[in-house]
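For the sequence shown, my numbering begins at 142 and goes up steadily by one.
Because the hints were derived from the structure by calculation, they are not lab data. Fair warning: there could be bad hints in the mix.
Claimed, not checked - No farther apart than 27 Å at their CA atoms in a straight line, the calculated lysine-lysine pairs in the DSSO-like style are these:
| # | residue 1 | residue 2 |
| --- | --- | --- |
| 1 | K323 | K358 |
| 2 | K427 | K398 |
| 3 | K328 | K427 |
Just so we're clear, the structure is a prediction, and the values are computed from it rather than from any experiment.
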Amino acid sequence: MADEVLINILTLNCWGIPYVSQNKNARMIAIAEKFDIENYDIICLQEVWSVEDFKMIQVKTQEQLPYSHYFYSGVLGSGICILSKFPVKDVMFHKWSLNGYVHKIHHGDWFGGKGVGLCRLQIHNMNINVYITHLHAEYNSHSDEYIAHRILQAFDTAQFIKMTSGGVDSVILGGDLNTEPKDLAYKIICGVAGLADACSNNLGTIECANNSYTSSKLARTFSEGKRIDHILYQGSKNVKIEITNFQHPFPKRVPYKDFSYSDHEAVMATFKFSPGESEIINTDVKDLIKEAINICETSLKNIRRQRFWYLLLSCILIIPLVWSMGLDCFLSSLDVTIGVNIGRILLTAILCYTLFMSSIWNSVEKNALKAGCSEMEIYLANLNNNLCKN
142 MADEVLINIL
152 TLNCWGIPYV
162 SQNKNARMIA
172 IAEKFDIENY
182 DIICLQEVWS
192 VEDFKMIQVK
202 TQEQLPYSHY
212 FYSGVLGSGI
222 CILSKFPVKD
232 VMFHKWSLNG
242 YVHKIHHGDW
252 FGGKGVGLCR
262 LQIHNMNINV
272 YITHLHAEYN
282 SHSDEYIAHR
292 ILQAFDTAQF
302 IKMTSGGVDS
312 VILGGDLNTE
322 PKDLAYKIIC
332 GVAGLADACS
342 NNLGTIECAN
352 NSYTSSKLAR
362 TFSEGKRIDH
372 ILYQGSKNVK
382 IEITNFQHPF
392 PKRVPYKDFS
402 YSDHEAVMAT
412 FKFSPGESEI
422 INTDVKDLIK
432 EAINICETSL
442 KNIRRQRFWY
452 LLLSCILIIP
462 LVWSMGLDCF
472 LSSLDVTIGV
482 NIGRILLTAI
492 LCYTLFMSSI
502 WNSVEKNALK
512 AGCSEMEIYL
522 ANLNNNLCKN
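Construct all of the structure, not just a fragment, from the sequences and the given hints.
Okay, here's the thing in structure tokens:
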């Protein structure tokens with residue numbers, strides 16, 4: 142590498158849920174037009190749930206960003222994609238084993254088949270791995286039923302980055318991590334993968350007072366917003382990285398409209414790549430991994446309890462179903478017969494659900510948690526062995 146190279150990298154959660162997100166079509170067009178007129182070199186997008194929206198953005202930004210990739214996964218598609226000014230040499234997608242709950246349709250994370258995507262880009266004479274991800278959302282901060290899912294996703298992402306970044310000149314991770322810098326999942330990603338944060342302040346990205354989609358109550362509570370959208374990075378022995386700029390690049394409103402580009406704020410970092418050796422980031426993650434294992438073990442205990450209650454409910458439901466069979470010979474009215482049969486259908490549907498949750502789904506979640514715990518225990522054991530050797 143002979144000269145310095147400046148690269149502008151942007152990440153944005155587009156909030157592009159068809160039929161649900163407000164002003165989706167107008168916002169998506171505005172986002173694409175913004176990308177077309179600005180100088181962005183690499184763009185990481187999340188919640189692009191419609192492939193048609195991706196294709197529209199792809200067409201509108203073809204001159205500025207000729208290379209792109211959408212990561213297909215799950216029922217709806219992963220919702221994540223990368224646009225680039227530089228050639229994409231290789232792509233890969235790693236789907237997480239824990240992705241929320243199939244029966245939580247109103248949350249929808251499971252249907253996206255979420256994971257972490259990788260595009261290896263050739264930037265001048267450098268090979269750079271650009272990762273993109275969107276961790277499980279936190280729907281209730283007081284009682285977070287998905288904390289074990291998100292922690293395992295974070296550890297899985299960090300391990301994936303470590304195992305696929307050998308020999309590259311730089312690593313960049315952009316995305317909606319649904320975690321603040323003080324949260325365990327964020328610390329695990331940075332600590333295990335050895336990543337630094339491009340942001341040196343607490344620039345909020347969601348629930349910001351200036352965003353049109355932030356409720357007045359949240360705006361008063363979190364005037365600066367929460368920072369859950371991040372750009373993280375790592376250099377190498379050959380390439381040194383400096384952050385020369387980090388900002389919200391979009392205006393508060395779409396031009397001539399009364400709404401923002403998304404319910405999230407876009408963030409952009411300017412990276413300066415130069416010859417030299419980057420500082421190696423060594424974080425003591427021993428206590429973090431122990432805490433993560435404890436959370437997963439607690440979640441395993443909760444799963445066992447849930448299985449018991451689902452099985453108990455299944456047994457209770459069988460009683461009225463069997464009892465209703467003996468009513469057939471006493472039913473003389475057509476209306477009563479129809480009513481009884483509708484009741485049977487409803488009870489049968491609930492019974493099928495409870496049996497599914499107590500057997501198939503329970504085993505899937507239990508095995509995923511066990512696998513995650515096992516991986517973290519091996520990682521922790523290796524940390525302890527290395528400490529003993531030193």
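Item to check | Unsatisfied constraints (hint numbers, rising) | outcome: Checked against the structure, the only hint that fails is number 2, while the rest are satisfied.
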